[in-house]
Structures are given as structure tokens and as C-alpha cells.
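*Asks:* Line by line, the protein sequences are chains F and X. Using my numbering, you'd call the opening residue of the first sequence number 206 and step up by one each time. Using my numbering, you'd call the opening residue of the second sequence number 154 and step up by one each time.
In short, the hints are calculated from the structure, not lab data. Predicted model only: the values in this text are computed from it and were never measured. A virtual CB, placed ideally from N, CA and C, is assigned to each residue, including glycine. Each hint should be verified, as a subset may be incorrect.
Claimed, not checked - Below are the DSS-like pairs computed for lysine-lysine, each with C-alpha atoms no more than 25 Å apart in a straight line: (1) F:Lys-381 to F:Lys-461; (2) X:Lys-194 to F:Lys-464; (3) X:Lys-394 to X:Lys-442; (4) F:Lys-464 to X:Lys-289; (5) F:Lys-274 to F:Lys-381; (6) F:Lys-461 to X:Lys-269; (7) F:Lys-381 to X:Lys-394; (8) X:Lys-301 to F:Lys-461; (9) F:Lys-464 to X:Lys-394; (10) F:Lys-461 to X:Lys-257; (11) X:Lys-289 to F:Lys-461; (12) X:Lys-370 to X:Lys-181; (13) F:Lys-445 to X:Lys-181; (14) F:Lys-445 to F:Lys-461; (15) X:Lys-257 to F:Lys-381; (16) F:Lys-464 to X:Lys-257; (17) X:Lys-488 to F:Lys-445; (18) X:Lys-269 to F:Lys-445; (19) X:Lys-394 to X:Lys-194; (20) F:Lys-220 to F:Lys-261.
Claimed, not checked - One-sided and incomplete, this derived list gives chain F residues near chain X with beta-carbon spacing under 7 Å: (21) Thr-208; (22) Trp-211; (23) Val-290; (24) Val-447; (25) Ala-453; (26) Gly-455; (27) Pro-472; (28) Ala-476; (29) Asp-531.
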Amino acid sequence: MATYDWLFNVLGLRKWCDAGASDGPMSMAQLLAKTGNAAPQSGVNFAFPSLDELNKACGQISQTRDVVKGLENGFLAVRPALRTVLDPITQPLSWMLDGTLYLFMTAPWFLIMALILVAVWFSTRSLSVLLFNAFCLSFFAFVDHFEPAMQTFAVILVCTIISALFGIPIGIAMSKYNRLQKAIIPVLDLLQTLPTFVYLIPLIFLFPIGESRLYGIAIILYAIVPVIRLTDLGVRLVDKDVVEAGNAFGMSPGQKLTKVELPLALPNIMAGLNQTIMMSLAMVVIASMVTAPGLGVLVLRGIRNLELGVGLMAGVCIVLLAVMLDRTSKAALSRIDRTKNEM
Amino acid sequence: MTQTTKVSLRGLYKIFGHDDKSVLPHVKDGMGKEELLTTHKHVLGLQDINVEMQAGEITVVMGLSGSGKSTLIRHLNRLIEPTDGEILVDGVDVMNLSTTDLRKMRQDKMSMVFQKFALLPHRTVLQNAAMALDVKGLPTQEQEREAKTWLARVGLGGFENHYPAQLSGGMQQRVGIARALTSNSDIMLMDEAFSALDPLIRTDMQNLLLELQVELKKTIIFITHDLDEALKLADHLVILKDGAVVQQGEPQSILMNPTDPYIEDFVSDINRARVLRVRSVMQPFSEGKFAGDVQENDTLESLIAASGGDTALRYRVLDGNNNAVGTLDMRDLVKALVPRISSSEAGTRYH
């Protein structure tokens, strides 16, 4: 006798329930009850009307495990359709990641180092940042971690560029249309609060393991959020008086955007990009579980095989890489601020 | 001098709120600002504004904060859309312009100077001054040549490659003025352009504007909350209160004949000797014994200084062509210095 029999009796659904009574596989509790060894129920037996509990009273109601199963089947059913859409769209991502990784793996180490240092110098013009970068790169090479470090760097590079490419226009659009902002902010909240592993679950089903877009998408989804948010914020915070001046002198919306709003929002956008870079790094380590190459693989090996030293050394390299990226992007940001308010 | 109307506002109404058109009839039937706010949750911005602005003149719109003067000036280039009424610029109703035509008009016919300067912080002084031409898409060389000329004209030669943040407030506003002049438009809108500057710099800038105006003869619409500034600059003075025009006309005549207690209050506080001119207090010409000649546009202050304070004297008043147009008795002058109500009386009446 189940707790909620009365409910279906009152509603007059008894017949309907019994008609569909299923003899599905029994749960452990039911099996135990059959053998008479069930734990004696103490106190008032008033269970929450959960699916399992209702199922006991009425066979027509599915159990929770069936709902979970249905969720899975549903996802698997839409998978072919999703794949026909997503496959061609995301294919370029695979190419970009594979191409960049190939470049970083085949080019000689001194060329890569030189290129990175030149780029750092032109974006920051700061000798201390340049020296710190040189130190980090030499350290990676010295402890024979140059290759995985560059793999991680290559993945971050590609993912950050794509995040900026999509994030900045989305942010601008959000700042222009309040409705769009209202629609997108919950999505951004969701992307930021979802545990990082949860991203990976649907992706594993959608894309064959071993394809680089699998981890590329996971990283981009996670890292694109700050650049969208800060672009939106930055454009909204642009001095209304200056925008009005643009209007008064007859600027078109496009001129206003390129001559007024984006230049004035640039510090905020750069701050967003800095965050995006840092989040890409965090995610590229986790994404090593789904074949993302680089330092994360070594961390994973350290955990799996209890190789403490391997894990720690990779960890140190990740920290150095993080500090390097952070300092460099912040120095580039402050250079932009300086030219703006040069005193 | 024959006058041509450059800009005219006819029956202009502005109501702020989500459904301004529907409450317009109430306002036209005479509902006041407070009643509109409490019963319909709409804010009355402007009501029934009729102003004609003449070409080559400085029209000053004066009012206290909240009187709608900044709202008014933003209607001229449609930065704010009116609820009802006509805005004619060179005879063309601005309300009928398409977006592109409106943009064209803002580029070619009107320029604006802002209270908070509103310069682009990431651009140099030169680039800021050239903004209007940049918007029009002129070649850079031409832009810079024009901008340099005007920067030199407002006294900023040599500062071309500085950034706005490196300049003082007064200098930044000079850039603002140079930017407006570089656009080469006939109409200049000045929204409390000098209000953020300290008094000495403000006087400097007023003199600069008057000096430029002698030469350029722009149609200037100037917004201010400062009566002294208004009287100094205005050819035509419009006084706003609660979104309505209380009195408008030639500043001297407003000063001599205020029609509203609100304006009497205003004018009771100012230095009348400095703003009143001989022509406002003179009598029609009659022969007699004169202590000397004065120009009709001299201020009373200068005459007091010339007479040495002697109230028994009589002067002959000459116009610009040295024709005698009137006589001035120093006793009339002294009487004119006393407002109809004194500032202390006004204080007890209204505060």
C-alpha cells in the first residue's frame, strides 16, 4: 500500500492507473520489501510526492530513472540534427586549432620565442614585462616543458581571438538594445555558473573525441563571457555628453561607434579580454580530460598515476604562463589608458 | 538693419513621459506642471514656445535650472524630439527631415558648444577641432588646415598636439568653440558654454565670443542661467520659467520694463549701471545747454565716471553717425539706477 493511493482514488484515476501498471524492474527497496527484510518504517510515513513515490501508487507515473533515461534519449534523438548544423559551423575551429598547434610544434624554439617577445614589446613597450616573458619562456625550455607550454599557449591564443571576434560584437549589440541585453544576461550567468565539467558532457556526445573543436568550444563558451559583459558595460559607460556631441555634429551610428564609443570603451574591453585570457587558461587545463594538449595533460597524468613531481612541475609552468599572460595583457591595457589621458 | 529670421519656433511643446501625445490636450487646456505630474505622471518640459531668432544675432535663452532651457536648445537640432510644434530653420521644418537630411543639417548648418566641453579624450586638440570636417569626410590635410586656423583664432596656436586632459577648463572650452567654428555652420548652439568656467575666464570667453561675433556674424543661440552674462551677450533675450517664455525682447527694454514679478526679482539683483545704456534712459532731443556728448550705446557706468557724479548735468546723445538723437539728464540716470522693487523687497516677497 503506497502513501499516495488516496490521491489517485480521490481524483478518480484508479482505473487508469491500474490499466497501465507496469511490471518494470524493481528497485532495491522493493526487492528488500518482498523478502520481508525491509527496514521498519519509523514515525509517520509521509514521503514527499516524488516521482518514485507516486509511481508506487500509480503505475502510469514514470519513475525518476525513466525520466533521466528519457532525457538521454531525447538528446540522442536530436543529436543527428544538431550535428548536421554544428558540424560545418565548427569545422573551421578545428582547422584553426590544428593549424596553430602545428605551427607552434614545427617552428624552431628560437623563432617562437623571438616572435612572442617582439609581440610583447610592441604591445606593452615595457622592459620589465619583456624580461619577465623571456625568463618564463627560458624556464619552460630549461625544464623541457617548452612544447606542452606552447601547445597550451597556442590553444589560448586561438580561443581568445575567437572569443574577441564574437564577444565584442555581441557586447556592442547588447549595449544598443536593452531587450537583447535582458535576453543574453541569463545565458551569460548560466555559462559562468555551470560547473566546468558540465560543459564537457553534451560536447562529448556531439563531437567525436579527438577532434580539437571539442575542447575549443568548451574553452570559448567558458571564456567568452567576460569580454561580452565588459564590452556591453564599456559602451554603456561612455560619457553621454561626448556621444551627444557626436550626434550634434551629425555623426552616423557607424561613425559614433568607431570614432566615439569604441575608443572610449577600449579600456573596459581590454579588461574583458584580460579576463578572457585567464579563463581560457583555466579551462584549457580542465579540457585536457577531453584531449586538449598541453600542460593540462601532464597535470592529469600526475593525478592519474600519482606522479607527484610531474603534476607539480606542470603546475609551476601553468602558474608562470598565467602570470606572464596576465602581466602582458595588463601592461598593454595600461599603455592604452596612458595615451588617452597623457599628462 | 533689415533682419531675416534664421530659426523660428512655433507652438513648441515638450512633455516627457511614455505617452506624451495623449496628455498634450490637457496641457493645451492649461494644466500646470505639478498637476500634470501628479495626475498623469508626465513631466512638462516646454509649453507653447514661440521664438524668432534673427540671422547674425545672439539670442540668449535664460532661466534657472529646470526651466527647460537646455531642453529648448536641443530641439533646434532635434537631439530631443518635440511633442508638438514647428521648428523652422531657413524656412525648412526640421520635423519633416529624414534621418539622413537631419544628419546633413547637423553637419552643415549647426554646430554646438557644450557645458562640459564634450571633447574626445583620445584625440589631440587638432583632431578635436577638426571633428566636424572629419564627420563630413573631408581629406585630412584640409581638415587640419581649417582646424589650425580656428585654433589660432581662439588663441590656442601651438597646442595642436596636446590632449584635452592636458588643458585647463578655459582652454578646453576654446577647443570646443574652435570645433564649432571649424564646422563653418551659420548657426551656433551654445549650451551653458561658459557656466563651468571660473568668473575671470568666463569674462575672457564672453569677450572672445563678442569679438568673434563682430567679424563672423553667426546666428548664435546661447543658453545661460546667469543674467549678467545674458545681458552682456544678448541681442535678443528670452526668459524661460517652468518651460514657458515669461518675457522676450531687447535686453534693455526687459530691464526697464519687466512685465512679470519673476523678472523683477531677477533684475533687482544686477548692477544696472553696467548693463543699462544711454539710449534706454534718454529723453527725446531738445535744444539747451549740454555738458558734453555721449554715444547712445555707452553704459551708464561710463557716463557716471565722465560726469564725476554731478547730477545737475545734461548731455547730448549721439547715434552711430553722430546725429543728435536725444538728451540725457543725469537725474533720469540716477532714477533709472533704482529698480522698481529693490532686491531686499523681492527677497521678502518670494523667499
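*Asks:* Could you tell me which of the numbered hints above are not met by this structure, giving the numbers in increasing order?
*Replies:* 2, 3, 5, 7, 9, 12, 13, 17, 21, 22, 23, 27, 28 and 29
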